[in-house]
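Keeping their order, the protein sequence lines are chains A and B. Position 94, counted from 1, in the first sequence is what the numbering used here calls 94; the numbers after and before it change by one each time, with no gaps. Position 19, counted from 1, in the second sequence is what the numbering used here calls 19; the numbers after and before it change by one each time, with no gaps.
Please note that the accuracy of each hint is not assured.
[Stated by the list, open to error] Take a look, some chain A residues computed to stay more than 12 Å from chain B by CB distance:
| hint | residue |
| --- | --- |
| 1 | G216 |
| 2 | F248 |
| 3 | D251 |
| 4 | G286 |
| 5 | A335 |
| 6 | P354 |
[Said to hold, decoys possible] Covered stretches of chain A, going by a simulated chain B footprint (3 or more residues, C-beta under 8 Å):
| hint | segment |
| --- | --- |
| 7 | 69–80 |
| 8 | 152–164 |
| 9 | 261–267 |
[Stated by the list, open to error] Sample of chain B residues at the chain A side, in silico, Cβ under 10 Å:
| hint | residue |
| --- | --- |
| 10 | G47 |
| 11 | G277 |
| 12 | K279 |
FYI, nobody ran anything at the bench for these hints, they're computed from the structure. We put the beta carbon where it would ideally sit given N, CA and C, even for glycine.
There are 2 protein chains.
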Amino acid sequence: MSQGATALVAHSGGPTAVLNASLAGIVDEARHAGVSRLLGARFGIEGMLAGDFVDLFAVPPRDVEAAARASSSALGTSRRPVDDGDLERVMKVCAAHDVRWVFYTGGNGSMATADRLASLAHQAGRSLAVVGVPKTIDNDLAGTDHAPGYPSAARFFACAARDVGADNRALSGQVEILEVLGRNSGWIAAATRLACRAPDDAPQLVYLPERPLPLGRLLDDISRVYSRLGHCTVVVCEGQLDEEGGAFGADVRLTSRGPLATNLGHRLAQLVAARLGLKAHAEKPGLLGRSSREPSRDLDRDEAYRCGQAAVRAARDGASRVMVTLERTDGPGYAAVTGTTPLDRVAGVERRVPLGWIDESGGPLPPLLDYIAPLVGDVAPDVVFRG
Amino acid sequence: MSQGATALVAHSGGPTAVLNASLAGIVDEARHAGVSRLLGARFGIEGMLAGDFVDLFAVPPRDVEAAARASSSALGTSRRPVDDGDLERVMKVCAAHDVRWVFYTGGNGSMATADRLASLAHQAGRSLAVVGVPKTIDNDLAGTDHAPGYPSAARFFACAARDVGADNRALSGQVEILEVLGRNSGWIAAATRLACRAPDDAPQLVYLPERPLPLGRLLDDISRVYSRLGHCTVVVCEGQLDEEGGAFGADVRLTSRGPLATNLGHRLAQLVAARLGLKAHAEKPGLLGRSSREPSRDLDRDEAYRCGQAAVRAARDGASRVMVTLERTDGPGYAAVTGTTPLDRVAGVERRVPLGWIDESGGPLPPLLDYIAPLVGDVAPDVVFRG
């Protein structure tokens with residue numbers, strides 16, 4: 001890029017615990033990469049369309065550092081669907097501000113938008129490099145070992161499963177349902193199994209939405225655990241469906257990514273109470289699982305930062321139509337390096353947990369837990385005095 | 001107490017983030033107070049009735065330390081109602097084990113049980129000292145500045161309000177309802193206001209259940225905030241009632257302490273969507289708010305430990321039918337010392353937030369926030385780049 005040109009960063013989709021760290025990585029690296037001006041779109045596509053930008057080089061470095069430690073998004077983001085007309089408008093805004101590089105953070109839907117923008121710019125003969133920066137707590141993004149945001153959310157729910165499970169163990173006599181995030185994929189649900197340090201530790205039952213869950217089987221499973229232990233903690237994913245593709249009679253709302261139950265845990269607790277005659281509770285930390293600042297992982301924050309840096313370096317080196325990836329290195333300990341993959345290989349592709357990593361009853365198998373464990377880190381065990 | 005006699009500790013009611021710290025305080029102090037044997041009742045009254053005890057002096061000190069840092073209850077606890085017949089049985093079990101001191105942790109209902117046990121023992125001419133140890137996240141226990149467990153739960157929800165509020169601010173265009181614990185009292189709901197560092201910070205609306213909340217007023221309030229900011233985060237307490245004493249049409253379950261809505265936030269989100277035509281979400285961290293290990297406060301853990309120690313010292317000094325209290329000292333900084341108060345002054349008394357500390361619309365007034373602030377500690381602000 002010629003000295004004096006401008007770069008733009010925009011977010012798409014829900015915030016995470018470490019999205020701001022990716023932003024900080026972009027800001028810090030852009031200062032060294034010949035960028036004269038770095039624009040941050042306020043509220044993602046909305047800011048790109050309206051020319052509503054933050055001059056990121058004018059933000060005091062200590063504020064950028066503070067943001068990197070905070071969850072949510074300092075710039076704001078958007079879930080607004082984007083069509084070609086919008087992208088034509090974005091190209092005009094980019095031309096008006098002499099924008100040559102666009103960094104677009106998001107999941108697989110956002111990468112489709114980034115890919116389409118790059119394609120339209122190429123067709124129009126515009127010099128506009130588009131680099132995707134991975135971000136999704138659901139971890140359903142292809143082409144990368146995992147997505148920044150996932151380790152923090154997975155750790156949040158693993159700790160939550162330990163803690164509400166320990167509460168339920170201590171009071172005994174009831175069934176606890178913990179509803180977790182993840183939409184159609186069970187990467188987060190599976191992580192809660194890492195809270196089990198001893199055979200009967202909570203969560204005793206974990207279901208991944210990749211397999212349908214007949215209500216009768218769920219009730220049988222709960223009944224069996226409850227009979228043995230006198231209590232039972234169950235983890236279900238918000239997108240879990242029964243064998244008929246229904247949501248167990250829960251309320252469903254239409255989202256930008258399809259229908260989704262809004263009260264699945266509550267509904268299942270009602271069914272457990274009615275059908276099994278047991279006391280049943282449900283908790284739904286919901287968005288707190290992606291937005292909580294406290295249990296977010298240093299590993300996740302560091303990787304998110306490095307993904308931001310890598311995006312700038314990719315653009316500097318002449319790449320476009322790529323997404324930054326994390327690649328796990330071989331070796332006894334966990335380590336990951338950044339790489340890139342073509343945007344059209346990840347655009348719109350939903351990576352669910354492979355069925356070979358899920359047991360017949362819907363629970364996570366050891367290879368899946370081996371994959372997740374270093375991302376989540378150590379989950380200290382529940383402490384019980386057994387006498 | 002004569003050398004060679006036995007003491008007993010039992011928990012009652014829901015676990016907290018720091019209940020184990022009170023237990024550790026009792027264990028450590030009992031070693032110095034001439035107690036030869038310290039029995040821990042498994043699952044509270046259940047263990048007292050069945051003689052199911054843990055020999056707490058046989059638990060390795062490092063396990064006691066590990067418990068003190070963990071949430072939930074290492075011994076287990078119980079919500080089982082207790083009648084005089086049960087207490088007669090408890091006295092027999094105590095006599096069989098030569099128990100001279102009973103330490104009973106819990107809230108106002110549990111203190112009524114402790115008071116009744118002391119009264120029956122006195123009538124029967126038995127030498128049995130009963131000392132209550134305060135414990136309730138709801139903070140509705142009289143006679144003490146606050147109850148151990150409350151600071152951690154209050155901090156959890158203050159951070160949660162900041163985090164889901166920041167998420168909602170970043171995505172914009174929707175209403176976020178955060179349902180918090182507290183039953184009939186607004187001590188926890190009020191604490192979420194401490195997340196507001198700037199005038200428009202989340203949570204924009206906070207309601208304490210001490211004042212009824214007409215649905216029409218809630219919708220007007222949300223509508224006004226949303227019109228101005230384009231988003232709105234609302235905190236409601238699980239026990240909030242409307243002006244007719246109803247729970248806004250939410251599902252209600254009967255608990256040991258009366259009826260309680262199980263899905264109030266979800267129900268309000270549905271009403272906001274239907275009546276105002278706005279996107280609305282609800283999160284219910286629920287029991288995670290009392291059981292989460294991560295954001296529990298050192299202050300709370302330290303005070304809980306000291307309450308356990310003080311209970312043993314009170315018994316050693318010949319006290320009975322008292323509950324340990326925390327008393328805030330005068331001075332510019334926060335500090336608290338332990339004291340005692342007669343059990344019959346706190347037994348069954350529900351301390352709700354004084355109406356003089358609540359504004360007309362149900363929100364917390366400055367004296368209430370001044371009371372809570374040192375208990376919750378600093379809540380780092382949301383970070384926003386405004387351009």
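Quick rundown of the hints versus the structure:
| no. | hint | in the structure |
| --- | --- | --- |
| 1 | G216 | 23 Å, holds |
| 2 | F248 | 15 Å, holds |
| 3 | D251 | 7 Å, violated |
| 4 | G286 | 4 Å, violated |
| 5 | A335 | 26 Å, holds |
| 6 | P354 | 30 Å, holds |
| 7 | 69–80 | holds (count 10) |
| 8 | 152–164 | holds (count 5) |
| 9 | 261–267 | holds (count 3) |
| 10 | G47 | 9 Å, holds |
| 11 | G277 | 14 Å, violated |
| 12 | K279 | 9 Å, holds |
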